[in-house]
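Taken in order, these protein sequences are the chains called A and B. In terms of this note's numbering, the first sequence opens at residue 1 and continues consecutively. In terms of this note's numbering, the second sequence opens at residue 162 and continues consecutively.
By construction, these hints were calculated from the structure, which means they are not laboratory data. Be a bit skeptical, because a hint or two may be false.
Stated by the list, open to error - Examples of chain A residues toward chain B, derived with CB under 10 Å:
no. : residue
1   : P7
2   : L10
3   : R12
4   : R19
5   : D21
6   : E26
7   : V30
8   : A42
9   : A51
10  : L54
11  : L128
12  : A130
13  : K143
14  : E147
Glycine included, every Cβ here is placed at the ideal spot set by N, Cα and C.
Each chain is listed here by its residues.
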Amino acid sequence: MSASHDPELLRRLLRAKDRMDAASHEAWPVQRLARVSHVSAAHFARAFKDAFGLPPHRYLLTRRIERATALLRDTEMPILDIALQTGWNSLGTFGRTFRDITGESPRQVRARQRAATHALELVPGCFLSAAQRPDLTIAVSEKRRREAGDTVGAPNQKEDP
Amino acid sequence: MNHSALADNITVAGLVVGIYVRDQDEAHDFYVGKLGFRVHTDARNGDYRWLTVQHPDQPSLQLGLFAPQPPTVDAATAQTLGEIVAKGAMPPLVLVVDDCRAAHERLLARGVEFTQEPTERYGSVDANFRDPSGNGWKMIEARKAGEAGRA
Chain A
1 MSASHDPELL RRLLRAKDRM DAASHEAWPV QRLARVSHVS AAHFARAFKD AFGLPPHRYL
61 LTRRIERATA LLRDTEMPIL DIALQTGWNS LGTFGRTFRD ITGESPRQVR ARQRAATHAL
121 ELVPGCFLSA AQRPDLTIAV SEKRRREAGD TVGAPNQKED P
Chain B
162 MNHSALADNI TVAGLVVGIY VRDQDEAHDF YVGKLGFRVH TDARNGDYRW LTVQHPDQPS
222 LQLGLFAPQP PTVDAATAQT LGEIVAKGAM PPLVLVVDDC RAAHERLLAR GVEFTQEPTE
282 RYGSVDANFR DPSGNGWKMI EARKAGEAGR A
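Isolated chain A, as found in the complex:
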């Protein structure tokens, strides 16, 4: 049995994932996550990816985007406030990342969500936020590159947060 299949380790990695879910607006450097899981920082990112299928920083990103989308849908909060409240330092970075991941600007999403009718109040919010998290299977930088039509680019070595 390899270490990454040890249920006891997986349970501790789940704790780090839970902590990101509970406070996705906070900064979650690998050292902090590793401490939650009682794993060395050197092994954390790999173990997390093995367990949950994507690197921890990308998981965090999808959580933030989901949170921002919910705030766009459910509140009248200005987009700048949503950006700051969901963990970004600037409106520019938020808007760019949001568009890269969802294919739409925050403003477009808000307008579209407003126009659609919802029966989502019948679903507990906690199920909803897990189900509506974007499925980000590739790095944002890679997604950006593909959408720019540059499909022959080298595999990305480094991911934007």
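For chain A, the structure is supplied; the task is to place chain B on it using the hints.
Frame of chain A, contents of chain B only:
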């Protein structure tokens, strides 16, 4: 299916729903010692243990606390099931309470691992916690009668 659509519907007098846990003693201590369930059945036969608990407020439901183990499942499957539970990938369980914040405070004091503080949305309050194995529970406050008519 609508009840009236099936005139000769069977009569159900009780339900047992099971979850997988990594250690039945640990699960017993959690569900009985912390959540306030009571043991309904605890029957052993060699390595096999049929353990169900129920909450005194909901006596028609028994919650089975089962260990994935041979010979019920083979060793490799037992290992996989243990991993799935530990990753939090089993479907969420729901506990409907009359006062989510008060229940949160009480359970927190007993050492329950909350993964989300009580949060108000859609006119109700919910919080999340996990059992020691990784099974996730959503604790949802029942909507007051006359609001939306839903628990």
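(request) Would you list, in rising numerical order, the hints stated earlier that this structure does not obey? (result) Per hint list: 6, 7, 8, 10, 13, 14 violated.
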